[in-house]
Each structure stands twice: as structure tokens, then as C-alpha cells.
Amino acid sequence: MCLLCFSISSHASNATALIQIADEKQLSDDRYWLALLHIPENSNRSEIVDDSFFLSDSRQPVKELEATLQAFFAPIPEDPNQHAQCRFIARFHWLQKHLPELTRLAPKIPCPLFANWSDQQQIGSVSAIFASGYLGNPASFYGHILLKFNSHSGKRALLQQQNLNFGAAVPEQENPVTYILKGLFGGYKAVFSYGDFYRNIQAYGETELRDLWEYQLALTPDEVSQLLYHSWELINRDYVYYFLKENCAFRMAQLLELVIETELISKRQPYAMPIAVFHRLAESEHHGKPLVTNIIYHPSRQQRLTSRHQQAPENVRQVMLSLIRNDYDLKLAAYQQLSDQEQSILLELLFDYIEFLKLSSDNPELLQIKNRLLQARLALPVQPPLAVAGSTDYPHLSTRPSMLQLAYIQQQQQAAAQFRFRATYYDLLSRDAGRAAFSALSMFDLSGRYFRDSWQVQHFELLNIENMNLSQTGLPGDGGWAWKVNLSYAAQDNQCKSCNTAQLRGGIGKAIPVTAGIVYLMQDAQMHNRVGRFGLLSADSRFGALLDVNRMWRTQLEVGYRSYLQSQLTDFTWYRWQNRFGDSPHWDIRLSVSQLRTTEWSLAYSLYW
Amino acid sequence: MKLALISAAAVVLSMASSPVVQAQEQMNPWTQCGIGAMIFEKNGTAAAISNIIWDLGTTAVSSNISSKESCKGANIAAAQFINDAIVNIEEETVIGEGEHLTAMLNLMGCESSAHQQIIQQVRADLDVSHKSNIAKAEAYFLQLDTKVNGQFAAQCQVI
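Those sequence lines, one after another, are chains A and B.
Numbering (the working numbering) for the first sequence: 146 to 754.
Numbering (the working numbering) for the second sequence: 246 to 404.
One should not assume that every hint holds.
Stated by the list, open to error - Just so you have them, the derived chain A footprint on chain B, three or more residues with Cβ under 8 Å:
1) 320-330
2) 347-357
3) 385-397
Claimed, not checked - Far from chain A, by Cβ distances over 10 Å, these chain B residues were calculated:
4) Gln271
5) Asn273
6) Gln362
7) Ser377
8) Gln400
9) Gln402
Claimed, not checked - Straight-line C-alpha distance at most 16 Å; calculated EDC-like pairs for lysine to aspartate or glutamate:
10) A:Lys629 - A:Glu510
11) A:Lys629 - A:Glu606
12) A:Lys642 - A:Glu703
13) A:Lys412 - A:Glu391
14) B:Lys376 - A:Glu510
15) A:Lys300 - B:Asp372
16) A:Lys434 - A:Glu406
17) A:Lys300 - B:Glu356
18) B:Lys376 - A:Glu391
19) A:Lys334 - A:Glu317
20) A:Lys629 - A:Asp669
21) A:Lys642 - A:Asp507
No lab work stands behind these hints, which were simulated from the structure alone.
Glycine included, each C-beta is placed from N, C-alpha and C at the ideal position.
Chain B with its partners taken away, still in its complex shape (with noise of 0.2 Å):
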């Protein structure tokens, strides 16, 4: 963990110190943020509340990701969204509509017009064949991520 920390912070420095390299290269929050690893802040109770037995109260973890600066964001929030409900976006993708799907474009700034669209795109290159949903959520981000700040980068500016 604190080496993906390390090596993330690396990243960004030498992002900054390159804004060419910076605008053309994709940030992968699964290396460099460390989601699917933890992911979680262990800042005292708030991160060690586990209501799953007790219930009253379920996992209510506050949803702050990692504390590196350059892992936060709406990009980020959008990845672990896709981490955590990978299951159910990628049934809904195959489907072609449902509210995950709905959800995570917002998280990505895209406009609802242009939701449909993007759908359809990230349906016809959508790989379902990874051996773990780490892998799936994964693969599922870069691609849309590509289709985001590509094709349709005009129609997701919104945030």
C-alpha cells in the first residue's frame, strides 16, 4: 500500500513537472491510487465502524479515498464507484441501460443527452472475459475513461 502511495506520488510529481505528458497520459487509479487494494482512510473510528453484526449501523465507512491529492477528484470517485458496483454495471452495460450506468457518467461529468451514446460506445468494446472483478473494474474504467476524455470529451465537462 505505502509503496503504491510512493510510487503514485512519484507519478504525479513528474506529471507536474510535464504538462504535455500530464494532459496525454492516463492516470490508472487501480496503480496509482491503490483502489481494489484498501481503500478506505484509517483515521480512527470513523474507518473502523463495522455495523455488519451489530447491524444497526452497516459498514458506514465516510467515502474519502486516498489522500494524495492527485487521488481525488470526480475521476476518482468515478473509479470507485466502478469498483465497488463492477457487478452491476457490467450487467448493466450489457443490457444497455440502468441506474449504475446512470450514476457513473454522472460521476464522470457527462451530460445525460450524451449517456446513451456513451453507453452504446463503451457496449460494443466492452471485454467481459477477466478472471476477477479487480481486473473487470479495472479494464471497464480505462476504457471509458478513453471514450470520455476522447470522443466525447465536449459532452463531459460538466463537473
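So here's chain A without its partners, still in its complex pose (with noise of 0.2 Å):
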């Protein structure tokens, strides 16, 4: 008992001894010790809201500070994983090279529940992983981002390795109004959490259909190690749910700062994309070095069944579509005339072809089919599967995300020159990677003209979708009804003035691949709330093609028919043809002339980032 009290008094007397050095030091001012208490730059509040993130009353790094280093040198507790070395393991490590004599006088305590979810601190490298945008879901549009710590340890295999996620908690059932306010406003909660990676490969390859993109980090050892320590103290820790700026992207960033030099997201703009992150990674280097060392494609579930059926011998490719057209019947002559090779290709892509119809289908034939398949299969001899063929796509290549563009315009005798801010993210024009094929997604997207010795606003887009919905097969269920649907205030021709309206348009169509690009009919319908003068409605009946010419250059033409309903205007004819010169990611060149009633030719300068 003695015995106790005095180990009891020499660790407090310890620990008020370490406070002091550590006064003296100034360590609670070291940007280190604040950006593990989560505490931004001229402020003095943690952004981490959870209690149980912090030791002391006040939450003031020193006195945070120093309630921490008096727990490390607490009684060890039932159970160990409690005790403040295992909880605050970033801050313990941080302090001991700060403060060497910690290692020698804190109690040594054992942290089973780290070591296990470590893999033993066998952690080689992290990757930060892209998860591409998926535009069958709106809040998915942007992409996601993750972290993935890669064991080195021969025990776990890829889809073992431990992933970081970061996200909101919502409750099942959220009311979708209630859900996109409380998302925008900060009405959530958000935590760290953690997972295998396979359960990413589910979520996302296989049922979102979406492409994961793994960016390998060059960290060393001990970078690793503050990297993983760090993130085991944020697991589960409550944070302000912001979906526009504090998302996943800005708190990857910030926990990938604590190791990287580089400010990998914008702390100043008002949103984050998660493909900001990655243009910053790719661009940065570490230590005299590129940061990136290595880019891994994961493919999806559809992008397999594209890739190998792209790659599959046009007989089976052929076989594959007459059984699809036979119920897959494999009493077919021609099936039964492939050889043991051939029928395997041809089953393996009817796996990925039957696993992409079951995400739209619900039909419980499919599964009986899928097993005929897989018994068909397993009477022939065990071969390795066709490739998936890799991809140098790579998301960071594509366009920046934000644009400022300036324009010459000129119409009628007469020039103007025009201003445009586009906050997010890319139109058809843009240069695809990583990314829908042919798609557009914008938002907040503001041209002003300056015309007769006054600014106006020309045109003001909320939200442009435009998802083409290709098929890249051929084969029945692949691609479906392109659609559109944007919201805006904008002019309805070139030809009058003052005469924004606001407006929802909403469009559906079919879109089919040809060489170098698309061709596609579409047919809009708009509301507008200006009646009075353009009636409640028109329609846009349009024809087009969009074409990559080259590498630098793609174009598109399209050409449709405007009616108006119950308005005094005219209906009439009407082209635009637009060019996008250059394949930077920073800047490129766009010359379009249109013909709506009048014609104007523009001549515009992007600058994207």
C-alpha cells in the first residue's frame, strides 16, 4: 500500500516536473501540438466537438497539454485500452521526442485494442483513395476520398488492408428536406470511422459501380507512424457536419497535413472537393520528391465487364449476346462449339454482365440464371480470368475543378465582353478522366457582360446535370436514357434584352457512341417564371454531336427547335457549335458561335483550378 502511494506520488511529482520542461518549451504553442488538438489557425477552439477528445475542463492546448501528460502517468485501469497513452497514442509519441524523459518514467502500458487494429504497427505506406463521382445520386457527384493503411505484413491481403473513412452521421429515414438543410447548414454530426477495405470494394465497385483510384503516398516510416497514431485518436471523435466545405475532403486534407507540408486543400474557398485533394497530391513533392508514388486503378464491377468484353474474341462476344437473346440457354450450338477457353471468357463476362442487371433488377431469375452459369463453369478446368486492362485516366488529369473565364463577345456590329465564375465542376466540353464519359456537372456558375457602358448578368446556372448514360457494351441493360436537368436564370435567345427568366428545364433522350465521341437527340422541357412574356412553358427539340477531334481539341454541334407554349413568340430554329481548344488542366480556349435568332460569336480564355 505504501509501495502504491509512493509510485502514486512519484508519477504526479513526475508529471509536474515533465509540465514544467514542457512550459518552458512553449510546447502547447507548437503548431504540431494544436493541429493534433484539431485547433485552426488563429483560433483558440478545437474543431473536434466530442468531450471525450479532451483531458482538461478548458480545452486550451496548454491545459490540455498539461492533463495530458499528467494522465500518461495515470494508475493503468482495468482495462489498459483506457488509459490516455492508448487513447492519445499521436500525442504521446509527439511529446516523448519533445520531452525524452516521458519514455523513461511513464508507466509502460500495453494498448491491445491499437496493436490489433495496427496490424502490430506494421503499416509500410498509406494511400489516400479516389472514389469517382457517381451521378445516380446527387450527394455522391463530387467523388468521396479515403485512406488506406497498407500493411506490410503478409497476413493481410489487399482487401484486409484498414481504411479510414470520414463522414455524417445521418439517421435512417431522414426526411430529404431536413437532410440536404441540416447537410448544408451543420446540422450533423461526423466521425472517423474505420473498415476493411473490402467493404469499400462493396459499397462502391460493386454496387455504386463507381472506380476507386488508390494514389500510394512516398511517407516515411515515422510519417507513417504519426499518420496511423493519429488517426486512432480521431476514430469516432464528433466533428460539425458541413457538406459543402467540412466533408470528407477538408478533413482528409487536414489529417494528411499533420505529415505533408503542402496546404493539400483550400482553407480559404467556401467548398472542397475530394478531387482538389488529389491535383495537390499529384503535383506536390516530399522530401525532394514526388509525393505520388504509385497510382492503382480498382475497377468496378462495370468497367470490368467493359474492359474484358471490350477485350473478349468478337466470337464470343457474339455467343455472349446470342445467349443473352436465349435465356441463356447453354444447350446453344454455338456456345457448345466454342472451345474450354472460350466458354470460360464467355461465362465469367455473363458474371459481370448478370451482377450489373441485378443492381437494376430485382428479378429473382437472375440469380437462378447466375447459378446455371457458375455450374457451368466449374465443369471447366480452372484458368486464369481475362485482364482487366488498366487505365492511365487518371483522375488528378482531369480539368481543375473552379473556372474563371473571360470572353469576347460579338453580336451584330456589336462587342461586349463577358465575366464568368463557375465554382464546380465540368461540362461537356471539359476533358474527361476519371469520370462519366461525356457528362456535365456545374454548379454556381455566374457570366456578367459588359454591354453599353453597363454590367448585366447574362446568365446565372444553380445546377447543370447532364449524364449521356453510354453504353459501353452494346449488350441489353447497358447505358439507357440520357437526361438533363438544369436550373437557371439565364436569356432565352441572343437576340433580346432583358429578358432573364428563370427557369427549370428538364430533358431525356438517347445518346450513342461513335468514333471519337457521341451523337445524341434530346428533348427538353422548360418552366419559366415569366409567363407574361414567355408563357409557362417552351420545349427545345435538339439534335447533337460531341466529338474529340484530338487530344486538344473537342467540338460540339448541336442544332434544335424552340416552341413556346401560350406565348406571343415565335417559334424558331436554332444551332450553337462550341470548340474547347488545349488539354491543360489549368487553362483552355473555347470558340462557339450560336445562331439563337440572332447569331454571336464568342472567344473565351479559362482558367481553372
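From the two separate chains plus the hints, produce the assembled complex.
As C-alpha cells, this is what we get:
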């Protein structure tokens, strides 16, 4: 008992002595300490709102440091995982570096939970993973970022690697309006959480058909450990979630910035996008070398189907189509005539195809069909599957998401200057990389025109989405209706002045891949707010082509017919020809001509960041 | 769910009192731990994460499964994995190789040098006729578990 008293007293005095040294060294003002507490620059308040993350009542950096040192000397509880040395491993290691006596004096505490989670700390590297955007779900348009801790233990295969994720905690069955408002204005808590990589493969690659791009980072072993330690501290700690800015991109970038000096996300910009982090990672150097050492592509089920279908011999593709059209009857002569190897390729293609179909159909017959195909493959010899082609279409090569554009406009012998800002993300002329081809997704797109000695708002798009929903294989069920949604405030044509109207546009049609591009036919309907002048509704029937002439030049030609319902305005035929020159992620030049009651030329220079 | 846990607890207690039975009985995580019916702990916000809509963090549920001691451990992790990825596992088994099979056999504690042989044996006895993915996963696990604890017991003690 006396020994215990002495020990406690001794630990207390050791803690006090170290606190004094820490004060002398002003460790509580150190940028790293503030980062560990998630206290932003020019603030004295942590962004973490979880009581369990703090050991002091005041949460002030100096008090927290004192409380932390005291807690490191606390007696070992029944569950050692609850000891501060196990809960705040990053703090412990950082303080050990600055207070070498801490290592000698502090009690030695085992942390079995952390050891298990970190695979006995055999993590050799860290990867940042980009999950491509998903136009099937509005909140997934911008993609996602997560981290992967790569164990070099032979016991953990790729799918067993540990992931770190960040996301909002949203109650089930949340009302959509509440959901949007709370998401935008900080109504939800968010946490870091973990799981095995296979869960992400399942959720993204198999269910949402999104590709994953793994960027392996050149971090030193010490930096890897720092990330690992701090990640452990952050798991399940509450933050306030803001969809636009303090989201996964912001928090993951912030975490990586603990060991990477480059700013990976703008702290001033009012929105944060996952792809922006990958742009910064890809262009960053770390210790004089590129930060990204390797990029690994984890294709979705749909991409595996597409790739293997493209690689399969022509006769196999034909028989595949025949089987699909004949209820997958494997007695079909064409199938029976294939070699074992060809049959294997075909059956494996059908596995991908059936699973792809199952995502949009509850038809129980698909499972029975799959069982028959599996049984047939089981009867064939073991052989490696057709490899999925790699891709160098890396997401970071895409055009940067935000745009500033300056344009010269010529219309009926009159010139104008136009200034345009678009917050995000890409349009039909943008270069495709790591996302759905020939699609558009933009938000907050504002154009102001200087004309006749005054500025006027030419165009404001709150939202524009165009998904061509292309079939990659030509197989039944692959691809679907092309669609468009647009919410904007814009002029009705080139001729009218002061004729802007708020409008909601929806369109549906069909797009077909052709050599180097697509052709499409769409029927749009618009609803306007200035009913007296434009009527409530108008419609556009349009036919267009979108082609990559070469890597540097994409062109779009669109011809349409506008008709107004219940309006004095006359209907008219129109066309628009637009071109993008350049393939830099940072800039391009755009030349366009449009004829909407009158002709307008435009030459624009765009900057992206 | 509660019934499943109670019955699981009862089974565990009875097994604990009879070592001989414990050695012979095969654990079925689907009936004894509720795999396929739940399975993540409902412990506050962590389980409530559903970023599927907001995305900026997809369903990132911590990977702990049932809280019963008997429902923890390597085999249960393997059972969970098989339940979650049975579609891929089944495909890779009929093909004869794949990343999911490697991860699954790692989770079962099997040396990598034995993987190919185990896959061959599982493939030889594979029944692909089950009417649901849960039934497939359960049958697959039980078949694999028998082999791993039987003819491959010596090669599957890595954990």
C-alpha cells in the first residue's frame, strides 16, 4: 500500500516536472500540438466537439497539454486500452520526442486494441483513395476520398487493409429536405471510422459501380506512424459536418497535412472537393521527390465488364449476345462449339453482366441464371480470368474544378466583354478523366456581360447535370436514357435584352457512342417564371454531336427547334457550335458561335484551379 | 436478433462446460451470431453513419461484429467476410483464383502455400444451387470451415 502511495506520488511529481519543462519549451504553442488538437490557425477552439477527445475542462492548448501529461502517469486501469497513453497515442509519441524523459518515467502501458487495429504497427505505407463521382446520386456527384493503411504483413491481403473514412452520421429515413438543410448548415455530426478495404470495394465498386483510384504516398516510416497514431485518436470523435466545406475532403486533407507540408485543400475557399486533394497530391513534392509514387486502379464491376468485353474475341462476344437473347440456354450450338477457354471467358463475362443487371432489377430469375452459369464454369478447367485493362485516365489529370473565364463577344456589329465564374465542376467540353465520359456537372455558374457601358447578368446556373448514360458494351441493359436537369436564370435567346428568366429545364433522350464521340437526340422542356412574356412552358428538340477531334480539340455541334406554349413569341430553329482547344488541367481556349434568333460569336480564355 | 444472441449464449455456455463437445461442434456464425441478419453494433453515431447519400464518407461502419465473446475471432471475421462478399467469392472459386479467396483464406489463418490446394478442394465440393446469397455464404463457410479444421488443420493455424 505504501509502495503504491509512493508510486502515485512519484508519478505525480514526474508529471509536474515534465509539465514545467513543457511550459519552458512552450510546447503548447507548437503548430503540431495545435494540429493534434484540431485547433485551426487564428483560433483557440478545437474543431472537434466531442468531450471524450479532451482531458482538460477548458480545452485550451496549454491546459490540455498539462492534463495529457498528468494522464500519461495515471495508474493503469482494468482495461489498459482506456489509458491516455492508448487513447492519445499521437500525443504520447510527439511529447516523447520533445520530452525524452517521458519515455523513461511514464508507466509502460500495452495497447492491445491499437496493436490489433494497426496490425502490430506493421503499416508500411499510406494511400489516398479517390472514389469516382456517381451521377446516380446527387450527393455523390463529387466523388469521395478515404485513406488506406497498407500493412506489409503477409497476413493481410489487399482486401484486408485498413481504411479510414470520414462521414456524417445521418439518421435512417431522414426527411430529404431536413437532410439537405442539416447537411448544408451543420446539423449533423461527423466522425472518422474504419473498416477493411473490401467493404469499400463492395460499396463503391460492386454496388454503386464507381471506380477507385489508389494514390500511394511516399511517406517516411515515421510519417506513416504519425498518421496511424493520430487516426486512432480521431476514430469516432465528433465533428460538426458541413457538406460544402468541412466534409471528407477537408478533413482527410487536414489529417494528411499533419505530415505533408503542402496545403492539400484551400482553407479560404468556401467549398472543398475530393478531387482537389488529388490534384494537390499529384503535383506535390515531399522530401524532394514526388509525393505520389504509384497509382493503382480498382475498376468497378461495370468497368470490368466493359474492359473484358472489349478484350474478348469477337466470336465470344457474338455468342454472348446470342445467349442473352436465348434465355442463357447453354445448349445453344454456338456456345457448345466454343473451346473450353472461350466458354470460360464467356461465362465470366456473363458473371459480370448478370451482376450488373442485378443492380437495376429485383428479378429473382437472375440468381437462378447466375447459378446455372456458375455450375457451367465449375465444370470447366481452372484457368486465369481475362485481365482487366489498366487505365491511365487518372482523375488528377482532369480539368481543375473551378473556373474563371474572360470572353470577347461579338453580336450584330457590337462587341461585349464577358466575365464568368463557375464554382464546380465540368461541362460537356471538359476533358474526361476519371469520370463518366461526355457528361456535365456544374454548380454556381455565373456570367456577367459588359455591354453598352453597363454590366448585366447574362446567365446564372445554380445546377446543370447532363448524363449521356452511354452503353459501353452494346449489351441489353447497358446504358439507358440520357437526361438533363438545369436550374438557371438566363436569357431566352441571343437577341432579346433584359429577357432573363428563372427556369427549370429537364431533358430526356438517347446518346449513342460513335468513333471519337457521341451523337444524341434530346427533348427538353422548360418552365419559366415570366409567364406573361414567355408562357409557362417551352420545349427544345435538339440533335447534337460531341466529338474529340484529337486530344487538344473537342467540338460540339447542336441543332434544335424551340417552341413556346401559350406565348406570343414565335418558334424558331437554332444551332450552337462550341469548341474547346487545349488539354491542360489549368486552362483552355473556347471558340463558339450560336444562332438563337441572331448570331453571336465568342472567344474565351478559361483558367481553372 | 435478441433470441439469436440468447441462443448463442446458451450454446456457448453448454460448449464451455463440455470441452469434448466444444472440439467437435462446428460453429455456425449465421445461426449463432446473427450474421446475415444484422450485423453491426448499434453503438451511437458510428453505426448510424450513412454517407451513401452525402457520400463524402460512404457507409463506414466499424467492423466489429456481435458483442458475444464466442462471436469474435478470426473465423467469425472470415464468416463476415464471406457473407459480405459471397458473390465475388463464389465467382473466384469457380474460376479458381482471386483476391477475395486470398483474403478469405488469410482470415481463416491458412498459410499462403496451402491456398491453392484448399481452393481446389472447396471448388470440388462447391454447391452453387442455393437460392439466396445468405444461404450460399452460410453453406460456403461451413464447407470451408470443415476443410480448414480437418484435412488442412496443420496449414491453417497461422493466426
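Sort out which numbered hints this structure fails and list those numbers smallest first.
3, 7, 10, 12, 15, 18, 21
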